[in-house]
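Asks: Given next are the chains, with one letter for each unit.
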Amino acid sequence: MLVVVTAAKGPPPPPPIVLSMVAVHATKEGSSPKSYDPALKEVRAALEDLKFDTYRLICTQTVSARHNEESKVAISPDYTLYVKPLSKDPGGKVRVSVRIEMPPKKEGEKPVNALSTTLVIVPGKQFVLGGLELDKGELVIVMALKDDPHNPSVHGSLRFRFSF
Amino acid sequence: MAKCRYTKGGGRDPAVDIERWFDGESADPEPIKRHVAECASCSAHLAQLETVRKGVSALSRHEEIRDAQLPAFMTGIREGVERPVRWRGVWAFVSIAAAALIVAASVLFIITNGPRTVNAVESCSTELEGATVSSYASGNGVTTVWVNLAPDDIP
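Taken in sequence, the protein lines are chains A and B. Letter by letter, the first sequence follows residues 1 to 164 in the working numbering. Letter by letter, the second sequence follows residues 1 to 155 in the working numbering.
What the hints contain is simulated information worked out from the structure, not anything from laboratory work. It should be emphasised that the depicted structure is a prediction, and the values quoted were computed from it without experimental measurement. Be a bit skeptical, because a hint or two may be false.
Which residues of chain B face chain A? A few of them, derived with a C-beta cut under 7 Å, are [claimed, not checked]:
| # | residue |
| --- | --- |
| 1 | E64 |
| 2 | A120 |
| 3 | V121 |
| 4 | T143 |
Don't be surprised by glycine CBs; every beta carbon is placed ideally from N, CA and C.
Let the sequences and hints guide you as you build the complete structure.
Replies: Structural data, given as structure tokens:
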């Protein structure tokens with residue numbers, strides 16, 4: 001009886017994937033040396049190779065995303081980030097689909113995928129999405145897979161520093 | 001004890017030595033036998049020899065291998081030497097199995113955990129008109145996916 005019940009339920013769903021997300025407003029303002037918002041300390045190394053000289057924090061969020069389900073993060077009125085974990089290997093690497101959506105240019109049209117990418121990400125290693133215009137600068141998003149996906153204390157926290 | 005000509009060292013003729021007679025090696029035992037019955041010194045010496053013989057007999061049992069038994073005895077030794085030792089084989093098998101297990105566990109660990117390298121980009125695209133997307137890994141292990149906008153494509 002127990003076997004029948006277990007078989008009917010199927011395997012338990014994998015735990016959600018937890019990623020850190022830092023949205024940055026990057027501009028060229030002639031700052032020398034480069035200017036970094038103190039709140040960007042954790043992602044500064046990922047920004048150093050970019051062509052901008054001034055970096056300000058827009059928002060940070062810890063994204064908890066279930067497998068094959070899109071999690072939505074509103075970054076600005078123009079950009080929304082969607083994260084969908086596709087698979088996870090025993091070593092902790094996660095295959096994830098990430099896209100940044102923009103509202104349609106004309107009313108009645110579909111939203112536009114400004115950037116769509118599928119990555120295999122390693123815990124603790126950062127990746128950067130960028131190049132999209134934002135308020136006389138560009139949007140840069142720094143993300144990383146967190147090592148501990150079971151820590152409930154980090155789920156769903158959202159902080160904004162930049163107003164549009 | 002007084003020396004007698006029949007006792008060891010005192011005898012003029014080794015053939016009549018009392019110890020040879022005691023060991024049954026005398027060619028003419030009768031004179032010695034009569035002498036021992038009359039001579040207190042030889043009688044006492046004979047008693048000592050008998051005591052020693054009884055003591056030695058009591059100490060251990062001496063196995064003898066006769067000539068007829070020797071081939072079977074040697075065959076047994078050869079079989080013992082040439083017989084494969086079962087436990088030696090078992091321990092060799094256990095050692096090899098343990099080594100194989102360690103290697104397998106190491107390989108499994110490397111495969112499952114793998115070297116923690118960098119993120120990999122499988123695909124990237126954009127729906128923005130005239131824009132392209134490129135990806136690259138920088139020296140500090142950061143993977144970047146970048147949208148290169150067309151000059152007039154402003155959101």
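Asks: If a hint holds in the structure, say so; if it doesn't, say that too.
Replies: Evaluation of the provided hints:
no. : hint : in the structure
1   : E64  : 73 Å, violated
2   : A120 : 4 Å, holds
3   : V121 : 5 Å, holds
4   : T143 : 4 Å, holds
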